[in-house]
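Protein chains in written order, with my numbering: chain A, 763 to 1139; chain P, 172 to 319.
Any given hint might turn out to be false.
Stated by the list, open to error - Straight-line alpha carbon distances no greater than 25 angstroms define the calculated PhoX-like cross-link-like pairs of lysine-lysine that follow:
(1) A:Lys828 x A:Lys1067
(2) P:Lys208 x P:Lys236
(3) P:Lys208 x P:Lys293
(4) P:Lys253 x P:Lys215
(5) A:Lys953 x A:Lys804
(6) P:Lys208 x A:Lys941
(7) A:Lys953 x P:Lys208
(8) P:Lys236 x P:Lys286
(9) P:Lys286 x P:Lys240
(10) A:Lys938 x P:Lys208
(11) P:Lys314 x P:Lys243
(12) A:Lys942 x P:Lys208
In short, the hints are calculated from the structure, not lab data.
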Amino acid sequence: MNSNQKPSREESIEAEITMGPVHSAAIEPYRVRLFVEDEIVKDAEITVGINHRGVERIMEGLPVEKANSLTEKICGICSNIHLWNSVMVAEKGLQIEIPERANYIRIIMAELERIHSHLLYLAHGNEVLGHETFSMRLFYIRETVMELLRMIGGNRVQYGVSVIGGVRPRCELNEKRIKKIREGIDFIEQKVSDFANRFVADPMILSRIDGICSISKKDALRLAVTGPSLRATGVDLDLRRDMECYQPFDFEVITQEGGDIKANLLMRVLEIPESIKIIRQALNNIPEGPITDRTWKMQDTDIIKSYVEAPRGRLYHSYRLEDGRVRGSIVRTPSMSNIGAMQYAVIGHHITDAQLGIVQCDPCFTCTDRAIQIIEI
Amino acid sequence: MSLRSYSRARAVHVMLVYTGGCNGCDIEIVNSIFSPKYDAEQYKLFLTWNPREADVLVVTGPVTKYNEKPLKEIYNAIPEPKAVIAAGACALMGGVYKNINGDIPSEEIMGPVDKVIPVDAKVPGCAVRPEDILSGAVAALPKLLEAK
Chain A
763 MNSNQKPSRE ESIEAEITMG PVHSAAIEPY RVRLFVEDEI VKDAEITVGI
813 NHRGVERIME GLPVEKANSL TEKICGICSN IHLWNSVMVA EKGLQIEIPE
863 RANYIRIIMA ELERIHSHLL YLAHGNEVLG HETFSMRLFY IRETVMELLR
913 MIGGNRVQYG VSVIGGVRPR CELNEKRIKK IREGIDFIEQ KVSDFANRFV
963 ADPMILSRID GICSISKKDA LRLAVTGPSL RATGVDLDLR RDMECYQPFD
1013 FEVITQEGGD IKANLLMRVL EIPESIKIIR QALNNIPEGP ITDRTWKMQD
1063 TDIIKSYVEA PRGRLYHSYR LEDGRVRGSI VRTPSMSNIG AMQYAVIGHH
1113 ITDAQLGIVQ CDPCFTCTDR AIQIIEI
Chain P
172 MSLRSYSRAR AVHVMLVYTG GCNGCDIEIV NSIFSPKYDA EQYKLFLTWN
222 PREADVLVVT GPVTKYNEKP LKEIYNAIPE PKAVIAAGAC ALMGGVYKNI
272 NGDIPSEEIM GPVDKVIPVD AKVPGCAVRP EDILSGAVAA LPKLLEAK
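Turn these sequences into a full structure, and let the hints guide you.
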C-alpha cells in the first residue's frame, strides 16, 4: 500500500498474522496463521509437525517391554496413561488377567495424573489470561501432586508404573504411602475449592472468558472433539464409565453448557474433585494380594486396539505382536482431534482472545506430532 | 567485582527453547523458575521469551529437523556475553528418540544440541529435576560475569 494513501474508516484492513514455530505466547513449537480483518479473526490455521520425532517408527521391531517404555516418552504431561494403554494392548492380546491390587494402583496413578494435568491446564490458562498470581498459586498446588507421583514412581515426570502383568514392585502402596496420599488429596481438594470460589467471583476474569470462543454441541460433534473439551459443550461422553477397570468406582461425569472458555476452565476445576473421589474409594477398598502376575507367556497376536480416557480425551493405541516384537504400531492422541476445535473456536473473535481460544482446548503438540503421512503411489 | 558484573549477576534472563522433547523438561524448567516452591526468581533469575533480552539459553529436546534453523537463529540473536545450557537426556545425547543402538537410526533427529550450537553447561536427567536446573544455571554464570 502506498504510504500517502491512508485507508478510510469504512474500509476494512485485511492482514495475516503468523506466530511460531518459536513464540513467546506458545511454549510448545507450533505454527498459527491468523487471517485478520479489522482485528477480528476470520480464519485460522494451525500447522503441527515441527517436533516430529517418529516414535512409532522407532517402536517398529522393538521387544514389547522396550516399546512400552518408549510410549511413555510420547508425552511428558500424560506419560502414565500412554504407558497404561500400551501395556493394556499387550494384555488384551495375550489374555493376561492382572491382579486386582495392581488395577487399583494403576487407577490411583491415572487419577493423580489427571489432577496434575488439569492443574497445569488451569495454570497455563491463567498465565495466558494475564493473571500470574493465580498461575503461581496453581503451580504451588500442583507441586503436591508431583511429590506424590515422585513418592510412588520414583520420578517426577516419567514414572513407569505399569508393566505387562501388573505394576512395578517399587510402586507398591504401603500404609505410610497411603497416609501421605490421603493428606495430599485433602490439601488439593481444599486449595482447589478456594481457587474456584475466587475464580468465579472475579468480574475482571469473567469478562474475558464468559461467552468467548464458544463451540456449539453440533459443531463439537462435527469436529470430533474429545475429552473435557467435548463435555464442556454439553455432550455427556466419558470413556471411563464404560471401561472395565473403572467399574468398582462411583463417580459423576461432569458436563458444562456453552463450550466457551469459562465452561472449559470450570470443567477442569470440577473434574478434580471427581478424581479425588475415585482416589479415596480406591484407597479405602484397596484389596490385599500380589501386584504382578508373572505367569504369562508370549505369543503372536492379531492387531489389538485399545481406547482409554486420557486427561485430554480419547487415546488410542494399537499394535500386533510377532515373536515378542511390536509391529505396525499406531497411536492417536486426543489433541489430534481437538486441533479442529482450536481453529474453529477463534473465528469471529478478537485477536487478543485468539491465543486463549487455542489454549482452551488444552493443546499438547508433543503428543500430536507423531503422525506419518502415507502416500499411496 | 566490577559494576558491570555486579549488575549482571542481579538480572540473569533465561530463555527456554523447546526443540522437540516430550514437554516434561520444559514444564520442570518453567516450574523451577516460576513456581513458589523452587522460585528461581528470588535469585534474580527471570524467564524471558525474547532472545534479544536473554543472557542464558536453555535448550531442551533432541533438535528435530525443523527446529535446527530456528535454534541457530535464536542463538545468533542473543547478544554477547551468552551461555547455553543443554537440559535433559534428549539434549545431551539424543535420548530415546535418537535410537542410538536400534535397527533403524532416526532421520528426524539432528541433535544432540552440541552438534548444532556450542554448549557451556549440561544438565542430565529424564526429566530434569528443578534443583538441577538451578545448579546448571549457577554453573553457567561465571561465563557471563567474567566477560568484558
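Consistency of the hints with the structure:
no.: 1; hint: A:Lys828 x A:Lys1067; in the structure: holds, 19 angstroms
no.: 2; hint: P:Lys208 x P:Lys236; in the structure: violated, 36 angstroms
no.: 3; hint: P:Lys208 x P:Lys293; in the structure: holds, 23 angstroms
no.: 4; hint: P:Lys253 x P:Lys215; in the structure: holds, 16 angstroms
no.: 5; hint: A:Lys953 x A:Lys804; in the structure: violated, 40 angstroms
no.: 6; hint: P:Lys208 x A:Lys941; in the structure: holds, 22 angstroms
no.: 7; hint: A:Lys953 x P:Lys208; in the structure: holds, 16 angstroms
no.: 8; hint: P:Lys236 x P:Lys286; in the structure: holds, 13 angstroms
no.: 9; hint: P:Lys286 x P:Lys240; in the structure: holds, 13 angstroms
no.: 10; hint: A:Lys938 x P:Lys208; in the structure: holds, 24 angstroms
no.: 11; hint: P:Lys314 x P:Lys243; in the structure: holds, 20 angstroms
no.: 12; hint: A:Lys942 x P:Lys208; in the structure: holds, 19 angstroms
In terms of the numbered hints stated before, the structure departs from hints 2 and 5, listed from lowest to highest.
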